[in-house]
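> Residue numbers (the working numbering), protein chains in the order written: chain L, 5 to 117; chain V, 10 to 119.
For the record, the hints were derived by calculation from the structure and aren't laboratory data. Wrong hints could be hidden among the right ones.
[What the hints assert, rightly or not] Here are the computed distance ranges between Cβ atoms for each label pair:
id	chain 1	residue 1	chain 2	residue 2	range
1	L	Met19	V	Lys80	35 to 45 angstroms
2	V	Asp26	L	Ser24	41 to 51 angstroms
3	L	Ser84	V	Gly25	25 to 35 angstroms
4	V	Gly104	L	Asp74	22 to 32 angstroms
5	V	Met116	L	Ser110	42 to 52 angstroms
6	V	Glu48	L	Lys56	28 to 38 angstroms
7	V	Gly104	L	Ser24	26 to 36 angstroms
8	L	Ser69	V	Asp26	26 to 36 angstroms
9	L	Ser69	V	Arg114	42 to 52 angstroms
10	L	Asn66	V	Arg70	24 to 34 angstroms
11	L	Gly32	V	Ser37	41 to 51 angstroms
[Unchecked claim] For lysine to any residue, the following SDA-like pairs were computed, each having C-alpha atoms within a straight-line distance of at most 25 angstroms:
id	chain 1	residue 1	chain 2	residue 2
12	V	Lys77	L	Lys71
13	L	Lys105	V	Lys118
14	L	Lys45	V	Gln54
15	L	Lys44	L	Ala76
16	L	Lys45	V	Leu20
17	L	Lys45	V	Leu49
18	L	Lys105	V	Asp26
19	L	Lys48	V	Val22
[Claimed, not checked] Residues from chain L that face chain V, not an exhaustive set, calculated with beta carbons under 10 angstroms:
id	residue
20	Asp34
21	Val64
22	Phe68
23	Ser72
24	Phe107
25	Phe108
26	Gly109
27	Gly111
All figures in this text were calculated on a predicted structure; none of them were measured in a lab. Glycine included, every Cβ here is placed at the ideal spot set by N, Cα and C.
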Amino acid sequence: DTAVSQTPKYLVTQMGNDKSIKCEQNLGHDTMYWYKQDSKKFLKIMFSYNNKELIINETVPNRFSPKSPDKAHLNLHINSLELGDSAVYFCASSRDGAYEKLFFGSGTQLSVL
Amino acid sequence: GENVEQHPSTLSVQEGDSAVIKCTYSDSASNYFPWYKQELGKRPQLIIDIRSNVGEKKDQRIAVTLNKTAKHFSLHITETQPEDSAVYFCAAGAGNMLTFGGGTRLMVKP
């Protein structure tokens with residue numbers, strides 16, 4: 005009964021491949037996010053969805069495409085993976101369209117070889 | 010956009026001592042300031058937050074202070090314990106955006 009769950013936990017792949025990360029929350033929250041944490045631990049927002057609608061789309065290459073089939077799910081698809089995409093990707097959720105009191109998933113460690 | 014600076018980047022203290030982590034922000038419209046703790050290999054977790062209409066908030070050994078005029082806020086941990094060792098992130102929220110600081114690695118030596 006994990007609040008925010010994301011899969012897979014580890015993802016090792018070759019440059020040029022396409023991969024997806026899935027995220028689900030069972031908290032009944034309206035808003036979900038994708039954050040990227042680089043090797044220096046810096047946390048940066050990538051996308052935010054409120055009730056399946058995109059509300060934040062930071063400067064992220066268009067190789068990254070989020071998809072929200074319903075408000076409990078926010079998946080991240082990445083095309084043509086590059087070495088610089090290696091990072092930990094965290095899904096998060098919050099209630100009421102606000103960014104307050106984020107609940108993070110356990111993270112996906114992506115390694116691009 | 011908002012810019013959040015966090016200092017120090019690493020902090021080492023003896024068990025039982027106090028630890029202070031400081032953050033500054035640039036956007037005067039920011040009105041929400043949370044602190045997250047991330048243990049090694051784990052997810053960030055909210056430990057305390059404060060709104061701009063409050064100057065100080067305390068929860069057991071943890072306290073946060075906010076100076077809106079100077080645009081800075083701080084996390085204070087008293088009587089540190091080894092389990093306090095982690096990376097701590099401050100953040101500032103304005104509009105629909107939350108911007109994180111660069112993190113502070115706190116090491117509590119037994």
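> Hints first: check each against the structure and report whether it holds.
Verification of the hints:
1. Hint check: Met19/L to Lys80/V, Cβ distance near 42 angstroms, so the stated range 35 to 45 angstroms holds.
2. Distance hint check: the CB atoms of Asp26/V and Ser24/L are about 46 angstroms apart, consistent with the given range 41 to 51 angstroms.
3. Between Ser84/L and Gly25/V the C-beta distance comes to about 52 angstroms, which lies outside the given range of 25 to 35 angstroms.
4. Separation of Gly104/V from Asp74/L is about 25 angstroms and conforms to the stated range, judged on CB atoms against 22 to 32 angstroms.
5. Between Met116/V and Ser110/L the beta carbon distance is about 23 angstroms. The supplied range of 42 to 52 angstroms is therefore violated.
6. At about 32 angstroms, the CB distance of Glu48/V to Lys56/L agrees with the hint of 28 to 38 angstroms.
7. As the Cβ distance of Gly104/V to Ser24/L is approximately 30 angstroms, the hint placing it in 26 to 36 angstroms holds.
8. Between Ser69/L and Asp26/V the C-beta distance comes to about 48 angstroms, which lies outside the given range of 26 to 36 angstroms.
9. Distance hint for Ser69/L and Arg114/V: a CB-CB separation of about 33 angstroms, inconsistent with the stated range 42 to 52 angstroms.
10. About 45 angstroms separates the C-beta atoms of Asn66/L and Arg70/V, a value inconsistent with the hinted range of 24 to 34 angstroms.
11. Here the CB-CB span from Gly32/L to Ser37/V is close to 34 angstroms, at odds with the stated 41 to 51 angstroms.
12. Simply put, Lys77/V and Lys71/L have alpha-carbon atoms about 38 angstroms apart, too far for the 25 angstroms limit, and the pair is violated.
13. For the hint linking Lys105/L to Lys118/V, the alpha-carbon distance of about 30 angstroms lies beyond 25 angstroms, and the restraint is violated.
14. A distance of roughly 14 angstroms separates the Cα atoms of Lys45/L and Gln54/V; the hinted pair therefore holds under the 25 angstroms criterion.
15. Proximity of Lys44/L to Ala76/L is assessed by CA-CA distance (about 30 angstroms); at most 25 angstroms being required, the pair is judged violated.
16. For the hint linking Lys45/L to Leu20/V, the alpha-carbon distance of about 15 angstroms falls within 25 angstroms, and the restraint holds.
17. Pair hint Lys45/L plus Leu49/V holds up; C-alpha atoms about 11 angstroms apart against a cutoff of 25 angstroms.
18. For the given pair, Lys105/L sits about 28 angstroms from Asp26/V by alpha-carbon distance, which is inconsistent with the 25 angstroms threshold.
19. Note on Lys48/L and Val22/V: the hinted pairing is violated, with a Cα-Cα distance of about 28 angstroms set against a maximum of 25 angstroms.
20. Among the interface hints, the one on Asp34/L is violated; its C-beta lies about 12 angstroms from the nearest C-beta in chain V, farther than the 10 angstroms criterion.
21. A cut of 10 angstroms between beta carbons decides the hint on Val64/L: the least distance to chain V is about 14 angstroms, and the hint is violated.
22. Interface hint status for Phe68/L: violated, as the beta-carbon distance to the closest one in chain V is roughly 18 angstroms, over 10 angstroms.
23. The restraint placing Ser72/L at the interface with chain V is violated, with a minimum CB-CB distance near 16 angstroms, outside the 10 angstroms limit.
24. Because the smallest distance between the Cβ of Phe107/L and any Cβ of chain V comes to about 8 angstroms, under 10 angstroms, the interface hint for this residue holds.
25. Evaluation of the Phe108/L hint against chain V yields a held restraint, the C-beta minimum of about 4 angstroms falling below 10 angstroms.
26. Because the beta carbon of Gly109/L sits about 6 angstroms from the nearest beta carbon in chain V, less than 10 angstroms, this interface hint is met.
27. Checking Gly111/L against chain V by beta carbon gives a least distance of about 6 angstroms; that is within 10 angstroms, so the hint holds.
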